[in-house]
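Undergrad: Starting from the known structure of chain A, arrange chains B and C on it as the hints suggest.
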Amino acid sequence: MLDDIIPVSKDTTAKLKVGQWGFKKPSYVEKISPCMEGCPAGNDIPEFMNLVAQGLFDEALREVLWENPLPGVCGRVCFYPCQSNCNRTNLDTELQIREVERAVSEYGQWMPSKEKKEVRGKIAVIGSGPAGLSAAYFLARMGYKVTVFERYPETGGILRYGIPEYRLPKRVLRKELRRIKALGVKFHTSFEVRKEEIYRFKDMFDGLILAIGVSLPRRLNVKGEDLEGVKYGLFWLFNPFRKEVAPERVVVIGGGDVAVDVARVARRLYPEAQVLMVAPEEEGEFPAQPEGLQEAQEEGVKVIGGFRPLEFLGHGKLEAIRFGKAKVRRDHETGAYLIEDLKGEILEKAQLVLIAIGQIPDFTLIPQELIEDGKLKADPWTGETVWERCFVAGDPINKRTTVVDAVSSGKRAAISLHCSLTGDSPKEVLSKIRVGRGFAVSYRAFVTGNSKRLDQVAEFSEISRLLFAEEPSHIPKKLKPQVRTKSFKEVKEGYSQKEAVKEAERCFNCGKCIRCDLCFLLCPDLAILKDNPYRVNEMYCKGCGICNAICPRSVIELR
Amino acid sequence: MKELLTGNEAIAHAVRLSRVQLIAAYPITPQTPIYEKLSQWESEGKLGGIMVRVESEHTAMATCISASLTGVRVFTASSSQGIALMHEMLHFASGGRVPVVMACVNRALALPWAFGSDQIDTLSQRDTGWIQFYCEDNQEALDTIIQAFKVSERVYLPSMVIIDGFYTSHFMEVVDVPDQKEVDDFLPPPQMPNRFDFDDPAFLCNVVGPKDYFRFRKRTHCDLRSSLKVIKEVDSDFGECFGRRYGVVEGIEIGDAEVVLVTSGALMGTARVALQRLREKGHKVGLLKIKVFRPFPREEVCKLLEGKRKIGVIDRNVSPGQEGVFCQEIKAALYPLSTRPLLQGYIAGLGGLEVYPEEIEEIFLDLLKRSSFEEEPIWKVNL
Amino acid sequence: MESEPLKAEEHEGLRPGHYACPGCGMAIAMRLVLKTIGKAIVVSIPGCNAVIGSVYPCSAFNLPAFHSAFEIAAPTAAGIAWGLKLRGIEDIPVLAFAGDGGTFDIGLQSLSGAADRNEDIIYVCLDNEAYMNTGIQSSSATPPLAWTVTTPEGRKGQKKDIMKIMMGHKIPYLATASIGFPEDLMRKVKRAKAIKGTRFIYVLTPCPTGWRVPENLTVKLSLLAVHSRILPLYEIVEGKGFLTVKPKGIPVREYLTLQGRYAHLTEDQIQQIQREVDENWQSLMKIMGDGS
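Protein chains in written order, with our numbering: chain A, 1 to 559; chain B, 560 to 942; chain C, 943 to 1234.
Isolated chain A (complex conformation):
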């Protein structure tokens, strides 16, 4: 009765199609983040950051392992091209992505498993450096029976022999290797595969990956190199505990990362000696990572730029080095050094000189068919060679000779090899899983298909300036220089779990929907429904675009 005498409105407005008011409708388009675009390994950084922010280190490790089998290594030695792209710099400071990756590898427990349980074929990988390890890892995951042949007594290549303990503790490398071995990868160490044997391997195995690295130092070819006390830094690094009679002065020639490491190892081995690092580049332009160079200087290594060695002086034993002033330009395209000699000389006394001016591959290991113009001939992206089922990975074909580029190269070679065995075109397949516009590809996308647009990068969303409070990163502590030089103890402390979580919480997760619910809560028309992650009910969406304006991750697009 009461319903008749006063207006009693019980019908729901939900039957009214107010979505007809507007023609713009939002959609959820996940994209890659700028940091992802910068990562040669194609690491899904927003994804693993989100997991760390929730304290899920195991899941974060699993995520990282989709694209990079060496998170513990990269978390320490990578030159972090991801960080310079970080959108958060528009608000305060960049995410310490490398430090978080390190924390993930420290605190996460995860053993990767094969995607394909049945054995697809037998593959040989020559070389157990980062490129070889990467190729082996991905091939094993894809279901191949992989055997890695390593000429040195232990595995790891540059990771073990080239990067000292204070930057990359051996236990970290061991942990990475355990993971790879858990996939059934077999390692044969002290097994050099000479180029003649490669022909045999070509027939014995269904596929071949050449990951021989750049294991020989570039020769200086300067008068007096034959004096005692003149050594090449790379070889010296391989066995740094070979005790010499302690020199008074040690000079390292070169300005790259290897040179820096050589200098810092010398600093530790010879605490009384003066250690100098001399390179033709100007001091601010050494090719080494600035972080390492600074640490070296803190440890007492003196750095001199703008000089190149002209002659080694001494009678049987090295006594001094004559340096000439020089100007150097590095051709970014070819990597070649172009040195211009200037007027002026200095004389540096030294009993030990360690030359580290770059590395080249050991061509004695490579069959002639694969060499052209003095270089290993392979497609820099797919690693394809003139041999059908033989692919190259790592420094010999990479423009940038870094660990993460090697990992990326190994991954691509692995996938390309797989394509060649299944009759697919490596270039086509890689194109579909390319992350960003560089060389990086996503193994995960290869296996599960893409859910996000790998070719679209999420720009910085201005609204983030308003949504997030300023909170710069916490930078992990380093040991004091005087403490450092007394041992090979790891110089940088990593994040504690709590610190890693806190840092990961700073991540905007650009391009990835982390279900923050902002769009859901702030839709005036309740047109966004929780789904996977969300769905737009076009019956009610008036096209106001608030969701698109408020998403700090640029996930929502209006069409």
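Please keep in mind that the hints were generated in silico from the structure rather than gathered at the bench.
Treat the hints with care, as some may be off.
To be verified - In the DSBU-like style, the derived pairs of lysine-lysine whose C-alpha atoms are separated by at most 30 Å in a straight line are:
id	chain 1	residue 1	chain 2	residue 2
1	C	1135	A	530
2	A	530	C	1132
3	A	24	C	977
4	A	502	C	1190
5	B	740	B	605
6	A	302	A	486
7	C	1132	A	502
8	A	10	C	977
9	C	1190	A	498
10	C	977	A	530
11	C	981	A	530
12	A	317	A	302
13	A	17	B	770
14	C	1027	B	605
15	C	1132	C	1101
16	C	981	A	10
17	A	10	C	1027
18	A	530	A	17
19	A	15	B	770
Source: prediction; values computed, not measured.
TA: The following block gives chains B and C in isolation, referenced to the frame of chain A:
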């Protein structure tokens, strides 16, 4: 139990006996003693309900309306400016179909400022859809309050129980105050639903289109008209329980009267004295009391006044530019008669001006000797 | 494309299909409040909030509601609260929605009376800074120099400080809230729900139509209002004040220059507004405590 009470006190007793649950009120002369009495009882724990001491009459009515929607019995009281102030809310109450009962103590409306009895404050609200009872004396006021709750809660329309300011509100008379038990038997606790239902939630009284507005308005009108029947039933029941009944109109010696005077409220008391005197002198005069003004008892008035030659209406109010309101309404009620009596309007007692029995006698006599009737009312001022 | 019933755990007090303008800030505020309040009775009054509530025979409220008159949101809610109490119904809050007109102007008296009596209601003022429903006429909540249809040269006079007025009534809970900070708003509603007496929550609800901004800027403006200190976010519980969000201190210029209703401002006027905002902030800080 018989007590010597003012009209305000009688009303207060009726409110207490009716077990009103919520009283929201604001003081205004001459209503204040109702408010004060109820407050006193509340502080003594003698009042079952709660008092909400609001900051304006508009708010008082607003509070009563929304509380009533939850199904509780509510009451308020006001006069003059206060009733005018709550005008918006009066429409709300009838349109919202809530059984609020309000005691109105007639007082002149400013400007100019005056405090004595004048019916214009309640009559200005005649279009608001409220049932209006005009009471003659303190006993009737008490009885009508109790009846009003019963009527309103049956028809879901609000009621005004109206008395004259000062003449009824402040004058003491002997009043028979019923027992609580008697009142409980007659007026049980409210059976109204809580209109806020969580199982089937509704938005009450939101905007309607013209067609629906038309429909609801017609419904309110029809229900207000048919409430007359309910009023009579309740009055009859009341008579059986308490021995007093009032009817919707009361005719006094109309049967052989040549002229009939129509009036309401406290003036009735004075008019009865005048009637008696004139009858003693042999004049054939009659009196008609209009108790229920809304819904206007057209049938009853026509029945009683049909065949009478001359009718006079004394209004203690004027609708400026027209005439007294009761006069207007009587004219409208009598319009359908095939033979209409001659009708003269009189305006008396505005602003509480004293009206003596002699003056009413004069009006009777004037009516008796009148042959022509003026359209304009005759303004009766105290000599 | 059919209408989807919402899952039980995603309780919503507001239904889709209502008639708010696209991008309406008030709709967001109402939705968030109703999402948090749970089982409650809603009082709606003339203004945008009733339009959102919708017309007969539809309702956009998933709760029992009543459409009262413009100036009486507070006592209407109070009457219902008393009625429920008299009927022995416990723990159902009564929520009154009112706009700036119904709070700062025509409704101020009845709100003051209700607060004085400490009526047991939750009063939510949804301020879009003018009489928007009737076509953008100025109210005492219209900020200085803002354009409205009735103040085309910019409003003269200051915005009434409703929070100070309500503080003067010494009610147990007051808070300011913003749709740019939905979690903060919802937390405040939840907190208010647990308190008895008159609770006053003020929400600034930007109106794209009346403020002359594109409809996607509603939430951004809310964020700017808070971070430029035009709308400090705080609570006052039993007389003690706490900031709930630390503003970044962005210049008000960033907020003003986005809005068409401020398009006519001169540089001097912008600086004048900045000074006034700074003064108001200083004055507020004197009564804020350190706790949270």
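Undergrad: Give a verdict on every hint.
TA: Evaluated hints:
1. With a C-alpha separation of about 26 Å, the suggested pairing of residue 1135(C) with residue 530(A) holds against the 30 Å cut-off.
2. Distance check on the hinted pair: residue 530(A) and residue 1132(C) sit about 23 Å apart at the alpha-carbon level, within 30 Å; holds.
3. A C-alpha spacing of about 26 Å is found between residue 24(A) and residue 977(C), which places the hinted pair at or below 30 Å, so the restraint holds.
4. Only pairs whose Cα atoms come within 30 Å are accepted, and residue 502(A) paired with residue 1190(C) is accepted, the gap being roughly 21 Å.
5. Proximity of residue 740(B) to residue 605(B) is assessed by CA-CA distance (about 15 Å); at most 30 Å being required, the pair is judged to hold.
6. For the hint pairing residue 302(A) with residue 486(A), the CA-to-CA distance comes to about 18 Å; that is within 30 Å, so the pair holds.
7. Using a Cα cut-off of 30 Å, the hinted pair residue 1132(C) and residue 502(A) holds, with the two alpha carbons roughly 28 Å apart.
8. Our distance criterion of 30 Å between C-alpha atoms is met by residue 10(A) and residue 977(C), whose separation comes to about 19 Å.
9. At most 30 Å may separate the alpha-carbon atoms for a hinted pair to count; residue 1190(C) and residue 498(A) meet this at roughly 26 Å.
10. Simply put, residue 977(C) and residue 530(A) have alpha-carbon atoms about 15 Å apart, close enough for the 30 Å limit, and the pair holds.
11. Only pairs whose Cα atoms come within 30 Å are accepted, and residue 981(C) paired with residue 530(A) is accepted, the gap being roughly 22 Å.
12. Of the pairs offered as hints, the one joining residue 317(A) and residue 302(A) holds, with about 23 Å between alpha carbons and a cut-off of 30 Å not exceeded.
13. Taking the CA atoms of residue 17(A) and residue 770(B), the gap is about 23 Å. The hint holds against a cut of 30 Å.
14. For the hint pairing residue 1027(C) with residue 605(B), the CA-to-CA distance comes to about 19 Å; that is within 30 Å, so the pair holds.
15. Between the alpha carbons of residue 1132(C) and residue 1101(C) the distance comes to roughly 28 Å, so the proposed pair stays at or under 30 Å and holds.
16. A hinted pair counts as satisfied when its Cα atoms are at most 30 Å apart, and residue 981(C) with residue 10(A) qualifies at roughly 17 Å.
17. At most 30 Å may separate the alpha-carbon atoms for a hinted pair to count; residue 10(A) and residue 1027(C) meet this at roughly 25 Å.
18. Restraint check for residue 530(A) and residue 17(A): satisfied, since their Cα atoms lie roughly 20 Å apart, inside the 30 Å limit.
19. Between residue 15(A) and residue 770(B) the alpha-carbon distance is near 21 Å, which keeps this suggested pair within the 30 Å criterion.
The structure fails none of the hints (numbered hints given earlier).
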